[in-house]
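Chemist: Going down the list, the sequences are from chains A and B.
Residues 19 to 311 (our numbering) make up the first sequence, in order.
Residues 502 to 687 (our numbering) make up the second sequence, in order.
These are computed hints drawn from the structure, not numbers from a lab.
Just so you know, these numbers come straight off a predicted model, no measurement behind them.
Please note: incorrect hints may appear among the correct ones.
[What the hints assert, rightly or not] Here are the simulated EDC-like cross-link-like pairs (lysine to aspartate or glutamate), alpha carbons at most 16 Å apart as the crow flies:
#, chain 1, residue 1, chain 2, residue 2
1, B, K685, A, D264
2, B, K685, A, D208
3, A, K149, B, D649
4, A, K139, B, D538
5, B, K614, B, E672
6, A, K149, B, E648
7, A, K60, A, E42
8, A, K260, A, D243
9, A, K149, B, E519
10, B, K637, A, D87
11, B, K621, B, E672
12, B, K637, A, E42
13, B, K542, B, D662
14, B, K686, A, D264
15, A, K139, B, D649
16, A, K170, A, E83
17, B, K683, B, E672
18, A, K200, A, E256
19, B, K590, B, E546
20, B, K640, B, D662
[Unchecked claim] Cβ pair distances, simulated, as ranges:
#, chain 1, residue 1, chain 2, residue 2, range
21, A, S308, B, E519, 49 to 57 Å
22, B, E519, A, D92, 37 to 45 Å
23, B, K619, A, Y250, 32 to 40 Å
24, B, T532, A, E121, 54 to 62 Å
25, A, L203, B, Q545, 31 to 39 Å
[Said to hold, decoys possible] Here chain B is said to cover these stretches of chain A; the calculated rule only asks that three of the stretch's residues, wherever they fall, bring their Cβ under 8 Å from a Cβ of chain B:
#, stretch
26, 222 to 234
27, 256 to 267
Heads up, the beta-carbon is just placed ideally off N, CA and C, and yes, glycines get one too.
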Amino acid sequence: MTNGQANKPKAAYMREIDVSTITENIRDMCIEAVHYLSDDMKQALYDGEKNERSPLGKQILCQLEENLDIAGKDMIPICQDTGMAVIFMDIGQDVHFTGGILEDAVNEGVRSGYVEGFLRKSVVSDPIIRKNTNDNTPAVIHYNMIPGDRVKITVAPKGFGSENMSRIFMLKPADGIDGVKKAILSAVSDAGPNACPPMVIGVGIGGTFEKCALLAKKALTRPIDKRSDVGYIADLEEEMLKKINDLGIGPGGLGGTVTAFAVNIETYATHIAGLPVAVNICCHVNRHSSREI
Amino acid sequence: MSSMDNKINAPLDEKTTENLKSGDYVYITGTIYTARDAAHKRMQEALEKGEELPFDIKNNVIYYLGPSPAREGRPIGSAGPTTASRMDKYTPQLLDLGLKGMIGKGKRSAEVKKSIIKNKAVYFAAVGGAGAILSKCIKSSEVIAYEDLGTEAIRKLYVEDLPVIVIIDKEGNDLYETAVLKYKKD
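With the sequences and hints as input, model every part of the structure.
Modeler: In structure tokens:
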């Protein structure tokens with residue numbers, strides 16, 4: 019090479035972000051997420067109340083709308099189970115975090131949000147010994163690298179009434195789309211009143227054992243009035259919503275025609291031998307708050 | 502569902518549970534107690550050791566609840582029901598000791614149903630995920646046992662017109678099974 023300039027390393031561009039910014043944002047997002055729902059969820063409650071055919075179901079949906087109203091006005095969490103903090107961080111690869119350890123900063127945000135925001139501390143440090151950590155840490159954090167110099171954070175506090183009813187199915191390729199439909203319906207049917215219907219159903223199809231679970235969780239953060247970009251998946255979402263509402267479970271599981279508000283499905287490539295399906299169930303308090311820094 | 506809205510008092514007496522039918526929408530006023538997973542485990546351990554329960558359970562109602570912390574000037578934070586089936590393992594023993602009512606959400610086991618019939622008790626549901634509005638019915642709250650359990654401590658509550666629905670009545674009728682059939686399409 020004749021031009022010596024070509025071998026000279028280009029000065030690396032890095033955007034510096036002090037981790038205290040992450041802490042402050044996560045603190046505020048935890049508090050925001052458990053007191054207010056996104057507009058798509060509010061609209062679904064409103065439409066559900068109009069469409070529900072059971073009088074008792076209608077009455078329950080009315081109560082849930084009023085509940086949401088009180089939560090925001092009086093700063094009382096929508097549900098006492100303010101969840102385990104699930105945090106998605108999409109980090110631009112041109113970002114350099116300064117001022118501390120990122121993971122500590124995230125957990126500090128959760129700690130201060132839950133302590134200062136009067137949120138319930140629902141986390142135990144060990145699954146068998148079960149001692150409460152008294153500040154709702156640690157969070158469950160999913161890091162993802164993306165191009166650019168921005169950081170996108172989604173805080174999704176997950177309640178366990180519905181989390182406990184979620185399932186993973188390791189189907190065979192021969193089970194095909196009918197197997198997927200059966201799996202989704204059986205999970206929702208078994209969840210019934212335990213998962214605080216009307217539910218939002220997050221489904222992950224493909225990937226590996228853990229990838230499909232993560233897809234299902236991520237699916238719950240997509241606006242529920244937005245269908246998949248993949249044609250046949252959008253159709254599947256519509257079909258499953260109708261089938262779920264035909265189960266008759268209804269609001270509170272007390273019978274009715276509004277059992278779920280939406281089915282959000284995400285897919286990923288998978289192995290020639292497998293067809294993993296994860297069904298992550300969320301109650302009507304489908305909370306998530308997102309910010310881009 | 503009964504067309505009549507009823508008001509009942511807690512603690513319950515047998516006459517009250519006699520008249521409650523699966524599907525009734527009722528309002529509870531009086532003293533009730535909270536207990537969920539960890540408190541039930543402690544109560545069972547106490548009974549195994551031959552110790553007394555932290556409150557007289559006879560004719561009382563347990564609300565399966567772990568509230569969020571109270572803001573200043575309020576007796577309690579958000580206060581909706583938790584999933585009752587997690588307490589199924591401990592419930593028949595408490596019903597045999599005189600527990601008369603439970604408030605939670607979600608299905609109960611066959612053993613619990615049998616024990617409800619045997620002891621003429623009742624299982625109510627409050628609306629899950631309505632913790633803000635339900636908290637308005639709670640007028641006072643006092644931790645009476647297992648304070649170290651935080652949200653899972655046993656609290657004595659005074660409630661006024663707490664709205665609940667009878668799910669399982671003393672005959673074992675289960676609203677979760679019957680109501681769904683009305684709206685199920687094949």
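Chemist: So, for every hint listed, does it hold in this structure?
Modeler: How the hints compare with the structure:
Taken as a hint, the B/K685 and A/D264 pair is honoured in the structure, with Cα atoms around 6 Å apart against an allowance of 16 Å. Taking the CA atoms of B/K685 and A/D208, the gap is near 14 Å; set against the 16 Å cutoff, the hint holds. The hinted pair formed by A/K149 and B/D649 meets the criterion: a straight-line CA distance of about 10 Å does not exceed 16 Å. Taken as a hint, the A/K139 and B/D538 pair is honoured in the structure, with Cα atoms around 15 Å apart against an allowance of 16 Å.
A threshold of 16 Å between alpha carbons decides the hint, and for B/K614 with B/E672 the separation of about 9 Å falls inside it, so the pair holds. As the CA atoms of A/K149 and B/E648 are separated by approximately 13 Å, the hinted pair is consistent with the 16 Å bound. Of the supplied pair hints, the one linking A/K60 and A/E42 is violated, its CA atoms being roughly 26 Å apart against a limit of 16 Å. At most 16 Å may separate the alpha-carbon atoms for a hinted pair to count; A/K260 and A/D243 meet this at roughly 15 Å.
Only pairs whose Cα atoms come within 16 Å are accepted, and A/K149 paired with B/E519 is rejected, the gap being roughly 41 Å. Restraint check for B/K637 and A/D87: the C-alpha separation of about 13 Å stays at or below 16 Å, so the hint holds. With a C-alpha separation of about 8 Å, the suggested pair B/K621 and B/E672 falls inside the 16 Å cut-off, and the hint holds. Straight-line distance between C-alpha atoms of B/K637 and A/E42 comes to about 31 Å, which puts the hinted pair past the 16 Å bound.
The hinted pair formed by B/K542 and B/D662 fails the criterion: a straight-line CA distance of about 29 Å is larger than 16 Å. A C-alpha spacing of about 5 Å is found between B/K686 and A/D264, which places the hinted pair at or below 16 Å, so the restraint holds. At roughly 13 Å between alpha-carbon atoms, A/K139 and B/D649 fall within 16 Å of each other, so this suggested pair holds. The hinted pair formed by A/K170 and A/E83 fails the criterion: a straight-line CA distance of about 30 Å is larger than 16 Å.
Distance restraint check for B/K683 and B/E672: the Cα-Cα separation of roughly 21 Å exceeds the 16 Å cut-off, and the hinted pair is therefore not satisfied. Of the supplied pair hints, the one linking A/K200 and A/E256 holds, its CA atoms being roughly 15 Å apart against a limit of 16 Å. In summary, the hint linking B/K590 to B/E546 is supported, as the alpha carbons are separated by about 13 Å, within the 16 Å threshold. Between the alpha carbons of B/K640 and B/D662 the distance comes to roughly 10 Å, so the proposed pair stays at or under 16 Å and holds.
Evaluation of the 49 to 57 Å hint for A/S308 and B/E519 yields a pass: the beta carbon distance comes to about 53 Å. Hint check: B/E519 to A/D92, Cβ distance near 38 Å, so the stated range 37 to 45 Å holds. Distance hint check: the CB atoms of B/K619 and A/Y250 are about 53 Å apart, inconsistent with the given range 32 to 40 Å. Remark: the range hint 54 to 62 Å for B/T532 to A/E121 is contradicted by a beta-carbon distance near 45 Å.
Checked against the hint of 31 to 39 Å, the C-beta distance between A/L203 and B/Q545 comes to roughly 36 Å, which is consistent with it. Under a criterion of three residues with beta carbons nearer than 8 Å to beta carbons of chain B, the stated coverage of the stretch 222 to 234 of chain A fails, only 0 such residues being counted. Check result for the stretch 256 to 267 of chain A against chain B: holds, 4 residues qualifying (beta carbon to beta carbon below 8 Å, three or more required).
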